[in-house]
Amino acid sequence: MFSLQGRVAVVVGASGAIGRAFASAVGSAGASVALVGRREQPLREIAEELVATGVDAAPFPGDMLDLAALLAVRDAVSARWGSIDLLLNAAGGNVPAATLADGASPFELELDPYRKAQELNLIGPLAAIKVFGPALAVSESSDRAIVNVSSMAALQALSRVGGYGAAKAALESLTRSLAVELARGGTGIRVNAIAPGFFVGEQNRSLLLEADGSLTERGRRIIDKTPLGRFGDPLELASTVIWLCCPASKFVTGVVVPVDGGFSAYSGV
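Residues -8 to 260 in the working numbering are what the sequence shown lists, from first letter to last.
Do not take every clue at face value.
Said to hold, decoys possible - Restraint ranges, calculated between C-beta atoms of paired labels, are given here:
#, residue 1, residue 2, range
1, 99, 44, 42 to 50 Å
2, 132, 208, 46 to 54 Å
3, 132, 212, 40 to 48 Å
4, 203, -3, 45 to 53 Å
5, 42, 253, 34 to 42 Å
6, 110, 149, 14 to 22 Å
Hints listed in this document are in silico derivations from the structure and should not be mistaken for laboratory results. Positions of the beta carbon are idealized from the N, C-alpha and C atoms, including for glycine.
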């Protein structure tokens, strides 16, 4: 019930911490894994690591905002494995220029960084769905799924990152909309999202940790509001992404699953 043996998974944003965890997860469950991202060298290194553990994986460099590049990736993946059954949209992230500086007024923000946040976190995943979705639709697999990545910033307002939060909230709305349309259309493709809590990565490390590894003020406030009292490990997303991709969740579509140590459940009181 929790096996992905014989499935082919495309992981977009595979060189990031979450994408890498997704790739490892579905690979460990038996799927062949296409690693997609802009930077070829990290993809090659991740592919080598997965292959060393017995996973059938290969790198496919491509920018998710470049439709022609994504189409070329889709054709290459199909040529290698014959079908595509799973799409994991792990690319995205905050845009530093869209982050409100301490003490600054929201009225001082520029529009272009907000547009960039929308491109990275909404248009990019939509582009991947547009390109790879038709391949999922014609797959002979009975279990086809799309998994997007949301954020705690979509569930409640987090200070200073309104542009990122708005983009992720839009992605959650898109997830629900596509889940309904694809189910009503009889494609058999399920669409869900994971909303990770706080996981330390390259993009947010300086916001959460000091140079010596101690918590910043923001990091401390996050830990105080996380009932489990720590940051997450990207590998702790593995069981959830496997569940959303496998037959065990075949009656689940249009949901956003928090994996957050209780952050979204806790009022702080």
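Hints versus structure:
no.: 1; hint: 99 with 44: 42 to 50 Å; verdict: 49 Å, holds
no.: 2; hint: 132 with 208: 46 to 54 Å; verdict: 48 Å, holds
no.: 3; hint: 132 with 212: 40 to 48 Å; verdict: 44 Å, holds
no.: 4; hint: 203 with -3: 45 to 53 Å; verdict: 47 Å, holds
no.: 5; hint: 42 with 253: 34 to 42 Å; verdict: 36 Å, holds
no.: 6; hint: 110 with 149: 14 to 22 Å; verdict: 20 Å, holds
The structure shown violates none of the earlier numbered hints.
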